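Please arrange chains B and C on chain A, whose structure you already have, making use of the hints.
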Amino acid sequence: MSIEDRIRPGDATGIGLEIHRLMGELFPICRSITGDGFRRTLDILRRHIPLDVREVPTGTRVFDWTVPKEWNIRDAYIKDSKGEKIVDFRASNLHVVSYSRPVRAILPLAELKKHLHSLPEHPDWVPYKTTYYKDDWGFCLSHRQFLTLEEGDYDVLIDSTLEDGSLTFGELYLPGETEKEILISAHACHPSLANDNLSGVGLATMLAKHLGTRQHRYSYRFLFIPGTIGAIAWLSLNESRAGRIAAGLVVSGVGDRGEITYKRSRRGLAEIDRAAAHVLGHSGRPYRLLDFHPYGYDERQYCSPGFDLPVGRFSRTPCAEYPEYHTSADNMAFVSAVSLADSFEKIAAILDLIEENRVYQSLNQKCEPQLGKRGLYSSAGANEIALLWVMNLSDGGHSLLDIAERSGLPFAAVREAAEALARAGLLVERPRTSEAGGPL
Amino acid sequence: MSIEDRIRPGDATGIGLEIHRLMGELFPICRSITGDGFRRTLDILRRHIPLDVREVPTGTRVFDWTVPKEWNIRDAYIKDSKGEKIVDFRASNLHVVSYSRPVRAILPLAELKKHLHSLPEHPDWVPYKTTYYKDDWGFCLSHRQFLTLEEGDYDVLIDSTLEDGSLTFGELYLPGETEKEILISAHACHPSLANDNLSGVGLATMLAKHLGTRQHRYSYRFLFIPGTIGAIAWLSLNESRAGRIAAGLVVSGVGDRGEITYKRSRRGLAEIDRAAAHVLGHSGRPYRLLDFHPYGYDERQYCSPGFDLPVGRFSRTPCAEYPEYHTSADNMAFVSAVSLADSFEKIAAILDLIEENRVYQSLNQKCEPQLGKRGLYSSAGANEIALLWVMNLSDGGHSLLDIAERSGLPFAAVREAAEALARAGLLVERPRTSEAGGPL
Amino acid sequence: MSIEDRIRPGDATGIGLEIHRLMGELFPICRSITGDGFRRTLDILRRHIPLDVREVPTGTRVFDWTVPKEWNIRDAYIKDSKGEKIVDFRASNLHVVSYSRPVRAILPLAELKKHLHSLPEHPDWVPYKTTYYKDDWGFCLSHRQFLTLEEGDYDVLIDSTLEDGSLTFGELYLPGETEKEILISAHACHPSLANDNLSGVGLATMLAKHLGTRQHRYSYRFLFIPGTIGAIAWLSLNESRAGRIAAGLVVSGVGDRGEITYKRSRRGLAEIDRAAAHVLGHSGRPYRLLDFHPYGYDERQYCSPGFDLPVGRFSRTPCAEYPEYHTSADNMAFVSAVSLADSFEKIAAILDLIEENRVYQSLNQKCEPQLGKRGLYSSAGANEIALLWVMNLSDGGHSLLDIAERSGLPFAAVREAAEALARAGLLVERPRTSEAGGPL
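Protein chains in written order, with the working numbering: chain A, -8 to 431; chain B, -8 to 431; chain C, -8 to 431.
Extracted from the complex, chain A is given alone in its bound form:
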């Protein structure tokens, strides 16, 4: 792959705006882990990338879990005793607890309050709540409004259905030169929430679009799935294929203004972990690396011991650390096109690194070659120190990332030096084994 073919876009800011625009289009839809909101979301993504839409029927056993009934909702409100709609699903889909069973009732305030959720510490925000796997119903509202509720009877409607149907997810496979895959996984089951995780959905979509126009060694698989049950369903349906995954990223919370946080795979030193550490370490910007821990997003499933895939998580501020998480304050203003572009750029750089992490063998291992007579000291883009490091460590046992790590040089400098040396006939590429085993 030549330098020109790399995944990183020329116009990073443009990418940030494109992602932000797509997120804005998706924002109003009422998504849940099943149902038509998820399907409408995939329809919009399909305007950008040729997603396959998969349907897994209610009741399907997926490892320890069962695909639940499909949930759909048409309308929901609370009217006060004057007949005025004081809480309206059409104003914000966060007002209804996701997966609420259908309700039509007149309730006194005391009864109603058992089904109301608000945030005393953030009185203007509406919380996001779900009742997956538990038969219940409820409404969410701001605490400020909650405090204004007067005694009296309330007319409550939730016009939802919970019926046999299916779990829906989107999948895109971009074949590369090898069957070894890089997995990009984004959960897409949240309603009007921006950072968690329309940011991941939007970024992954634009990354797939971008990759679709480029050559790549690895095959790529993009998943747009409901959290937890979606990852479990995909792994269950694709158990025999999972071994092809050579690297992967769960992409979530990539639009806020915080610094980038990379969470390592369970293996800890997988190529994806080292690539992420290298790219972030040379970015000149603050960042954090976290060791694997078995709570968080869908890396929980990819890194379960029976799979133990080399899949890390790429986020900005971890969800437990920003108060807007799972509230109406995680809105389109909470995410920034600059952050989205920066996240895109760094993910593309990590994937570039894995794409180009080759192993070369020196044909001149005894003493240094005479670089001067080959004009290599002035080779465009290659500096002398990088040339010397690559020659010294290209004994067949070191990848370019190994050389970058040991020398402290940026990967790009090492790669450019290796390419210049290969053009000069001093190095030959050697086959290497991918993280997933087998030739690359």
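Honestly, the hints are just simulated from the structure, not real lab data.
Note that the structure is predicted; figures quoted are calculated from it, not measured.
Any given hint might turn out to be false.
Note that the list lumps identical chains together, so a pair holds whenever it fits in one copy or between two copies.
[To be verified] Cut-off 25 Å, straight-line C-alpha distance, at most; resulting in silico cross-link-like pairs (DSS-like, lysine-lysine):
1) K125 - K104
2) K60 - K76
3) K364 - K60
4) K120 - K364
5) K357 - K60
This is chains B and C only, laid out in the frame that chain A set:
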């Protein structure tokens, strides 16, 4: 073993007082590495635990060493020229250098002084001196008294015997479910000294008493031995059994008010070393971990290269760091029941950890199990994070201590989570190999 | 080898003065990578040590390189329009760019300036320049003088020859008890420059002289070579012998007043690397350890991947860090006899350590031996702690350096303890394998 069966006592303070009381009973006895003082000490311990008393005859070869003659003493004094007893063995057995040969003589002050020991830097304290393996005699006294000695003839008596007899030690074996043993070793050869090492003797006695009333997986062996020669004698007589020792502690200096100091075994990362580091690291109290070094107490012998046993040393302030060491100031006031109780508690917690350091294998390794449907999120004593860590790492290759170390969680939380998961049928216990090799 | 036979001299200061005197004798000679200056240098060294002088003909292929034409120079100057010599090779050989082709011309100032080199930031210093492997010529002068040059015609002469001949180097082999070699390599191709690298040449010469009068286990090979091409030529001509090199040092820049800097071999933990770290770490003086990097002096060639020899570099201030480097300010006043002596002493201590880094096996591995009955506690030069460490770790798997590293004791204390224990029959020496493989 259920939580209720654990080694730690309910009433820690009570244990501290019991140890202190036993030490007070033992304090006046004139012990040495052989002789009747040692036997009387074991007689008192036998009121609490069913010790076996072993006698190894003088002259027995034990590796490079030979069991020495037995030393006994009836009386000793120095009288001044007026016939007044100015130094009296009956007032404190520290006044006579241990293993002094019999003496009966009239000596001028200049001659006498060659056999007197005092501490100019601590003028009120009487030092503790021995002359093992060297034919000599002497008296110890305070420097303040030493300075008052006037010219004149002194009447000196040491009514001791050095004769063929035996080296005595106490041994208690508590069989468990496996032949693999945990060794607790305390030296008991010092006369009226409290911290070094009646504290260790008292603690080990009460620990044995406590264990005698409980179920345990490991067998336990308690040794009450003279320092150095006793450990060497036991190892020599039990060479073929030493391989059963899966973990061990030399218990010494456990009553002073300083922080706990754990000295690692020669192996450095033995289970006992990791268990001690874990318990102390989660104690919320200051402590120190020392690497193995081949000087100190009987860990010198247990960790000699021909045995290399996983035996660490549990102390509070190391002996080289407190001036009271080997002086009359190491008395019953120097030790505290609170410190004794704390030492007991920590040792019991370390042994608990080893007892309960099981390996489980998950029966649900592919993706997470659905904990909610099993009511595990509300399981008494188990928290969600611990449940997730145990599920994630129970691939058959990690012990509970491995999981506690990697997760940073206290061992108890990990164990409780594992027990809850095993009850729910998600984990099964797998046999593990003890530190000493062979099944546990 | 007894303590008396060690490499370190009794009179360190004397050695520093001897090295300084020899450097002074060599200083005026105009050396380059080939030619008579190099031969004259070797002639002077041969007054001290029985060097073999090797000649490698021009045109010989040595790996990727070719031995260049031989360069010699008789005279060179620049005369101004008044016929006055303003730059004169006979005043300082630095005035002529090394390997300048012959020139005889009258040039206007503008033309001349294209061939002049000076240092604006150090206006009183004359730079040192070369034009190896590039057909050119030039003069070096102080920037102060450069600024005084007036318009006019200049008469330029370089009376040099570039003809088929040979590359010359000096080699001394001192056979020891084993064929395994220790390599000491110094580049000797610089003209009137003191620290870089007459200091290395002088030190290596005196070290060879010193070793010639002593017994040693290892064989020693000293190389006095032109930089880069000399090391490549030697490796090419001795490819099959290189595997005998068990340890080595490139000795360069050892006379300045800065702290010692040791650069590790590519292997990083070779015995030479550990020995250097130990000696410097126990010196009580500031020092630096650098990881291997593939730029610098001839360690580039010895540590190329096809050889990967355990050869480190011993210097004081690294060349990139002192402004006098490659200028007329690197003169005899820049180096100090005290620094030269200190460098000599440390190198000798490192070699001593490797010479004496034996493996002993204890004959008393079960429990401690009774050191007292053997009088070992009072053995001259051995302290009790060292005795205990050596007994504890002499299980056949630890060298004396291993023991010194683990105990934190100085190597000498460990060695003396081992010798005392061996004399007492408690240890026997075991054969060990050198870094180069094969028995020592």
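### Message
Tell me the hint numbers this structure goes against, listed in increasing order.
### Response
2
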